[in-house]
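*Asks:* Single-letter residue listing:
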Amino acid sequence: MTRVLAAVVALAALVALTLATLWTSGDGTGPWLPAGLALAKIALVGGVFLELDQSWPGWAALAAGVVAGTLLGAAALCTL
Amino acid sequence: MQQINRGTLLLLYAYSMSAPRQRWPPLSGGTAVWIFMTVEVVTFGLFLLGHAWQWTQDPDAMAAAQAQLELADGAINTLLLLVGSGLAYLGVLGNRLGRRRPAAMALATAAALGLAFAVHKVGEWLPHLDAGLGLSSGPFWFSYFFLTQLHFLHVLPGIGALCWGAWAALRQDAPGDSLDTIAAYWHLVDVVWLLLFTIIYVMHP
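Line by line, the protein sequences give chains Y and L. Here the numbering used here is used: the first sequence runs in plain steps of one and ends on residue 98. Here the numbering used here is used: the second sequence runs in plain steps of one and ends on residue 208.
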């Protein structure tokens, strides 16, 4: 898959995930679903737009650690 | 037997010394912008964890304040930044392929979407400010105003950089990987907004 096609597919997925965030946000949702949807969106931005899929995997792991630590940490704090 | 093993080892050693090492391509946009991005995301992340901690302190006040935010406003801003981020990347790809007009158009449209984000954001703040809310109106509003305004300060230079990038792509005189750096910065703005939108607008117990 060319980078241009990957970018277009990622963009469509990002729009769909944002709409999913809007539709699923409600009183009974809890913090974990929004955190998961945000993680998926940031993974697409990082993997495709920032081309982390092509660089040394350690950078992707570091970025994933920082972002997941923030989102999942916030979700865990919300449920305390 | 011992000689064969020694010979095999020697061959393996010779091969390992002669085989080219796998080289990973450098990070898109250069190392400096990535160091900056990491510091930025960690800083915003720590503030956002502090914001989430407030849900354990006074959940009723946090819920009442969050209910005053229009989720649709946050979603519109998210879409503006995400589409802009995708276009910035397509602009970079177009520039790499030497297609200067599509590249310039993509970068200019990303800048326009960034401007639309800024205008929409100000329009979102005004009713809250008119209602007398501000940084001192409680933990939720402190996080909301402080973090969204700090993010806003990152958006403005990004719009300027994208405009310059569009002009440089059109003239095909962008130095080095400067367009990659601009796009990487814009993706950072995007990532930080995704964290803000999720944790401030959407997330609750």
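Just so you know, the hints here were simulated from the structure itself, not pulled from any lab data. Don't take each hint at face value.
Unchecked claim - Just some of the chain Y residues that point at chain L, by a computed CB distance under 10 Å: (1) T20; (2) L29; (3) V63.
Each residue gets a CB set at the ideal place from its N, CA and C atoms; glycine is no exception.
*Asks:* Taking the hints in turn, state whether each one holds.
*Replies:* Evaluated hints:
1. Taking 10 Å as the C-beta contact cut-off toward chain L, the hint placing T20(Y) at the interface holds, the least distance being around 9 Å.
2. Annotation: interface hint on L29(Y) holds; nearest CB of chain L at approximately 4 Å, less than 10 Å.
3. Checking V63(Y) against chain L by beta carbon gives a least distance of about 6 Å; that is within 10 Å, so the hint holds.
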